[in-house]
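Enquirer: Residues per chain, in single letters:
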Amino acid sequence: MLTRRLFMRNSALSSSLLVVPEWARSALSQQRKVSSNPLRLAILGSTYRLGSHMQTIADRFLIGYPFDGDWHIPNIKVVSMYVDEHARRVDAGPNPFLLSMSGQRRSNPAAAWPEGDLSQARAKQFGFRLCNDFPEALRVGDDRLAVDAVLTIIEQCDPYPYQTNDRGQLLLPRFDFFEQCTQVFETEKKAVPYFNHKQLSYSFAEGRTMVETAERLKMPLMSGSSLPVTWRLPAVDIPHGAAVSEAVMVGVGHRDDTDFDALEAMQSMLERRKGGETGVKAVQMLEGDDVWAASRAGRWSKDLLSSALSRSDTTMGLTVLDGRNQDLVQDHLLEQLVKDPAAYCIEYTDGTRATLLMLDGAVQDFNISVRLCDQKLVSTQFLLPFPPNEASSCCLVSKLEDLYETRTAPSPVHRALLATGMLEACFKSRQHFGERIETPHLNIRYQAPAESQFIQI
Amino acid sequence: MAPNATPAKRPRLAAVVTAIKRHLHPQHIVDRFLDGYGWNGVYHHPQMDLVSLYVDQHGEGDLTHERAARHPSLKICPTIEEAVTLGTSKLAVDGVVVVAEHGVYPLSPDGIMMRPHYEFFEKITNVFRSSGRSVPYFNDKELSWNWDWSKKMVDVTHELNFPFQGGSSLAVTWRIPSVEFPTGVVVKEALSVGYGPMASYDFHGLETIQCMVERRKGGESGVEWVQTFRKDAFWKAYEDKVWSHELMRAALSRSFTIRPGDKSFTNDLPTVEHMKAMVPDPVAYHYRHRDGLLSTMILLYGMVYDFTFAAHIEGQSKPFSTQMYLPMPDGRTTLASFFSPLVNNAEKMFLTGKAQYPVERTLLTSGLLIAGVQSDKNNARIETPNLAAVQYQPYPDSTYWRS
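One line per chain: the protein sequences are A and B, in this order.
Here the numbering used here is used: position 365 in the first sequence is 365, and no number is missing along the way.
Here the numbering used here is used: position 125 in the second sequence is 125, and no number is missing along the way.
FYI, nobody ran anything at the bench for these hints, they're computed from the structure.
Where a beta carbon is used, it is the ideal one built from N, C-alpha and C, also for glycine.
A portion of the hints provided could be inaccurate.
[Unchecked claim] Computed footprint of chain A on chain B; a stretch qualifies when at least three of its residues, placed anywhere within it, have a C-beta under 8 Å from a C-beta of chain A:
| # | region |
| --- | --- |
| 1 | 18-31 |
| 2 | 265-277 |
| 3 | 354-366 |
[Claimed, not checked] Taking lysine to any residue pairs in the SDA-like style, the calculated list, with each CA pair at most 25 Å apart, reads:
| # | chain 1 | residue 1 | chain 2 | residue 2 |
| --- | --- | --- | --- | --- |
| 4 | B | K217 | B | R332 |
| 5 | B | K348 | A | E405 |
| 6 | A | K428 | A | D289 |
| 7 | B | K318 | A | E405 |
| 8 | A | K376 | B | K348 |
| 9 | A | K281 | A | Y446 |
| 10 | A | K376 | B | H45 |
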């Protein structure tokens, strides 16, 4: 008998072939031979619109992605999806019980799908189940856990936004997603690999609970952004075990958004230093003129800043006007170009100093320079190729495949936990007008894998 | 004073260019000598001085005088002779930087812009001859729109015995992944996928292929024939598998800029129908080297905005592939940093007196461009005995950007 699920599975196979052109089929058929038993993936996210993180990442599991010189089709089948924007809109609508009691007609649930949402079209094309809650997504409508892996991508959804707190942190429900999933895992006495996009939570305490829960449930947990794993120009890392004295990272973008990515990318290099990661003892977040005052006072090394900026392909100001190259640390150019600077000053327990400078207006890319104790500098750009392709997310998705297939996180989740804590502490400092904040709770110790985890193929 | 300047004798350079305006090649190259650029993780100032500048065309947007005002030691010269003699009767510089890309010049009967690479070369080498002395010579992009002149330029470099290097930044820019083509391997087929119009960006695609395949077993053996496929003939050749679909897929899989075929996705692999809709004027220069290697330079303008390379290497189960990364100042970046390795390799030539890569590469690619355009005009394969004679060995050291 052709059940609905069987039909959907078959139609998914044929319709997914429709988006892979004939000239790529030869590779696809090779993939199919080894994919007789694909891993079953649940995707849980905020909003599935064109250009969202969820769309950029989730689609790669549906139609494959360019990687290592081929159009790579993951041996993974998306079986269910939960979209929070839809669920929240349904929840915000009239209660169906009250509607029926008052004699009104129930509204059409399809109408709750916002315009521009891709969920229904994708579900139809690729034959996965759209779910109204987490248990349904993890059990795929059955009564037992029916997925082998979970992907969560929780982001701001502008048409139906999440709130911010009084520190300016966006209250994205990453912890809630995690908690609801782990409740199912606890009930089932089985946990599957789980990826959380970007920081664990806006709250370090919640993030720590997530890590502890994952350890208790023996659940492979990975968290982070594309920045630590994308290609680097040049393709370099800190030698594993090298003594490090200071790092300066330059980034751009919004507060409580790309600053996390920058802190995490910086951490992905610094965690390789001699002695491994031993935690952060204090942070301070400076903004506005305080940044320039701290710069003049030598709070971070000018040569490291110049070195990081030398890796940029996007100096602004006169470069935009007439194409010239500029050494931005000279002649107070940064002060002229950057209207809203921020410095995230990180003091590690072992004495290593690191500073993230968010310099919108001066550059448009992410670059770092690290001074080793032998005075040698290691500097590079974390490459973020442009939309629509956003090729850096291919690097992340390849790491997710590793997580799901090996049930082992390719990079330590403690990196994301520490970066989560650094960011929260920086926002506390900001709330206290740039006061230095001691962070005894960030005494996080871990060892980085000896092999660099950024993509070099 | 430049932070990394040393009191040692610094070479003095003359620049001879078409026009200096924002984002023209002369601006990118001359500015790097004048203002420095990021290199090896520091802000680098070349250990040499650009002392004279000849600009062939001025007009709206001209930056010559702004640059001269900021760099008083730079002398603006009304003639090429004065730029290289500094107003004396003899050659008075230690190196010459020629950038004859851009500017506006008449088209040849075949539709190639007749940029003055050769005219500049002739005037400069006349001074070399009359001075009884020659100095290293950098020539951006192709040699000349005219094959005989291209060949003559190389012959004169041998006759007067001076280091000469040029070509496209594609050969020296970052590669993603950062890989070098193995030396001494047998290569059956190679291709590049790029963008832009014929008689311009085709040169970049040709250099993309040549800087790699010249490292194969035996070195470069020369090219026997060239056939151009365009528009409908391109799609027919594609469907006939004149070039490998597997290689094309490998190259496209290295691209960061594939325009989505299905508008509801952001990174898909376009179907042939999508490609036809996106690319109104597809171009392929398909050519056979004397040792049997088949190369194809493809331009898919409208579908991709980068240059990628793939090749079948004997004994390897999957294609070798990479992207020659161009951080273009078309909104993606501001700096056109791929000029940095081009200038840095030129600096090395000026400091060491040795060319960093073979000029025969650029002779071959200059000839391939001319032949490709000719084949398109004739609508037929053309035999290329002139290119069959361009045989050379690669230089052992890698010169692409990786530090």
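Enquirer: Now tell me if each hint is right for this structure.
Expert: Each hint, compared with the structure:
1. Judged by the Cβ-Cβ criterion of 8 Å, the region 18-31 of chain B is covered by chain A as claimed, because 5 of its residues qualify and three suffice.
2. Counting residues of the region 265-277 of chain B whose C-beta sits closer than 8 Å to any C-beta of chain A gives 9, which meets the bar of three, so the coverage hint holds.
3. Using a Cβ-Cβ cut-off of 8 Å, 0 residues of the region 354-366 of chain B lie near chain A, which falls short of the minimum of three, so the contact claim is violated.
4. Proximity of K217 of chain B to R332 of chain B is assessed by CA-CA distance (about 38 Å); at most 25 Å being required, the pair is judged violated.
5. For the hint pairing K348 of chain B with E405 of chain A, the CA-to-CA distance comes to about 48 Å; that exceeds 25 Å, so the pair is violated.
6. For the hint pairing K428 of chain A with D289 of chain A, the CA-to-CA distance comes to about 19 Å; that is within 25 Å, so the pair holds.
7. A threshold of 25 Å between alpha carbons decides the hint, and for K318 of chain B with E405 of chain A the separation of about 23 Å falls inside it, so the pair holds.
8. For the suggested pair K376 of chain A and K348 of chain B, the alpha carbons sit about 23 Å apart, so the restraint of at most 25 Å is met.
9. Restraint check: the Cα-Cα separation between K281 of chain A and Y446 of chain A comes to about 15 Å, which is no more than 25 Å; the hinted pair holds.
10. The straight-line distance between the Cα atoms of K376 of chain A and H45 of chain B is roughly 19 Å, inside the 25 Å bound, and the hint therefore holds.
In the structure shown, a violation is registered for the earlier hints numbered 3, 4 and 5, in ascending order.
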